[in-house]
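Novice: Order-wise, the sequence lines are chains L and E.
The first sequence lines up with residues 1 to 111 when you count with the working numbering.
The second sequence lines up with residues 1001 to 1116 when you count with the working numbering.
Check before you lean on any hint, since a few could be wrong.
Claimed, not checked - Here are the computed lysine-lysine pairs in the DSS-like style, where the Cα-Cα straight-line distance is at most 25 Å:
#1 L:Lys42 x L:Lys1
#2 L:Lys1 x E:Lys1070
#3 L:Lys1 x E:Lys1057
#4 L:Lys98 x E:Lys1070
#5 E:Lys1057 x E:Lys1011
#6 E:Lys1070 x L:Lys103
#7 E:Lys1053 x L:Lys103
#8 L:Lys68 x L:Lys98
#9 E:Lys1011 x L:Lys42
It should be emphasised that the hints constitute simulated quantities derived from the structure, not laboratory data.
Here the structure is a predicted model, which is why all the values come from computation and not from measurement.
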Amino acid sequence: KQEVTQIPAALSVPEGENLVLNCSFTDSAIYNLQWFRQDPGKGLTSLLLIQSSQREQTSGRLNASLDKSSGRSTLYIAASQPGDSATYLCAVRGSNYKLTFGKGTLLTVNP
Amino acid sequence: DAGITQSPRHKVTETGTPVTLRCHQTENHRYMYWYRQDPGHGLRLIHYSYGVKDTDKGEVSDGYSVSRSKTEDFLLTLESATSSQTSVYFCAISESRGDRGGDEQFFGPGTRLTVL
């Protein structure tokens, strides 16, 4: 059974800092990995999708990497802003179109 | 934003009553999913659909049923609601682009259900 772990569970940083969120998964036989953002009381917003054959994806200040063989992904956020404050979730997709989610990292960026 | 709506957005009901949640999409995506989100458990898949009238169970399907009679609608039914089904329910959609692993999931705004 696939298990996804996100470390740290919570992170507080000053504005402008670069930061890294970590995601690890136990079964390396994944099709893709997706990073989401969730604001309090809201739905999930897809940030980045990395295919199993890719090493990284970039969108603006966000960069996600994938090392499938070691079961790890990182989400790098450059020059963090207070508007980046949210819970960040990673999820991996197996062969049956199902996503398995981590429990998320709660990020707070202080002005 | 992906065209996904959920109704109702909030519902309070009593134990033992039937409840149906609706997910509607305007993207014509083939795959639709129902998740529940609970503190300490994260998001867990309840049921999913890979086409009209084609559905399968997720990891927490007990007490739930689903139906999909049209591409755009995916219904989640709690036949007899229990307090343990108090949760936030999210619908999601995806479409395979033909390339292996190409499907990105998009989520609806959620339905907050309280069972008293």
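Novice: Work down the list of hints and note, for each, if the structure agrees.
Specialist: Outcome of the hint check:
As the CA atoms of lysine 42 of chain L and lysine 1 of chain L are separated by approximately 28 Å, the hinted pair breaks the 25 Å bound. For the hint pairing lysine 1 of chain L with lysine 1070 of chain E, the CA-to-CA distance comes to about 32 Å; that exceeds 25 Å, so the pair is violated. Between lysine 1 of chain L and lysine 1057 of chain E, the direct Cα distance comes to roughly 15 Å. Compliance with the 25 Å bound is thereby established for this hinted pair. The hinted pair formed by lysine 98 of chain L and lysine 1070 of chain E meets the criterion: a straight-line CA distance of about 21 Å does not exceed 25 Å.
Restraint check for lysine 1057 of chain E and lysine 1011 of chain E: satisfied, since their Cα atoms lie roughly 24 Å apart, inside the 25 Å limit. A C-alpha spacing of about 32 Å is found between lysine 1070 of chain E and lysine 103 of chain L, which places the hinted pair above 25 Å, so the restraint is violated. For the suggested pair lysine 1053 of chain E and lysine 103 of chain L, the alpha carbons sit about 31 Å apart, so the restraint of at most 25 Å is broken. Between lysine 68 of chain L and lysine 98 of chain L the CA atoms are separated by roughly 17 Å; this keeps the pair inside 25 Å, and the hint holds.
At most 25 Å may separate the alpha-carbon atoms for a hinted pair to count; lysine 1011 of chain E and lysine 42 of chain L meet this at roughly 16 Å.
Hint violations for this structure: numbers 1, 2, 6 and 7, all remaining hints satisfied.
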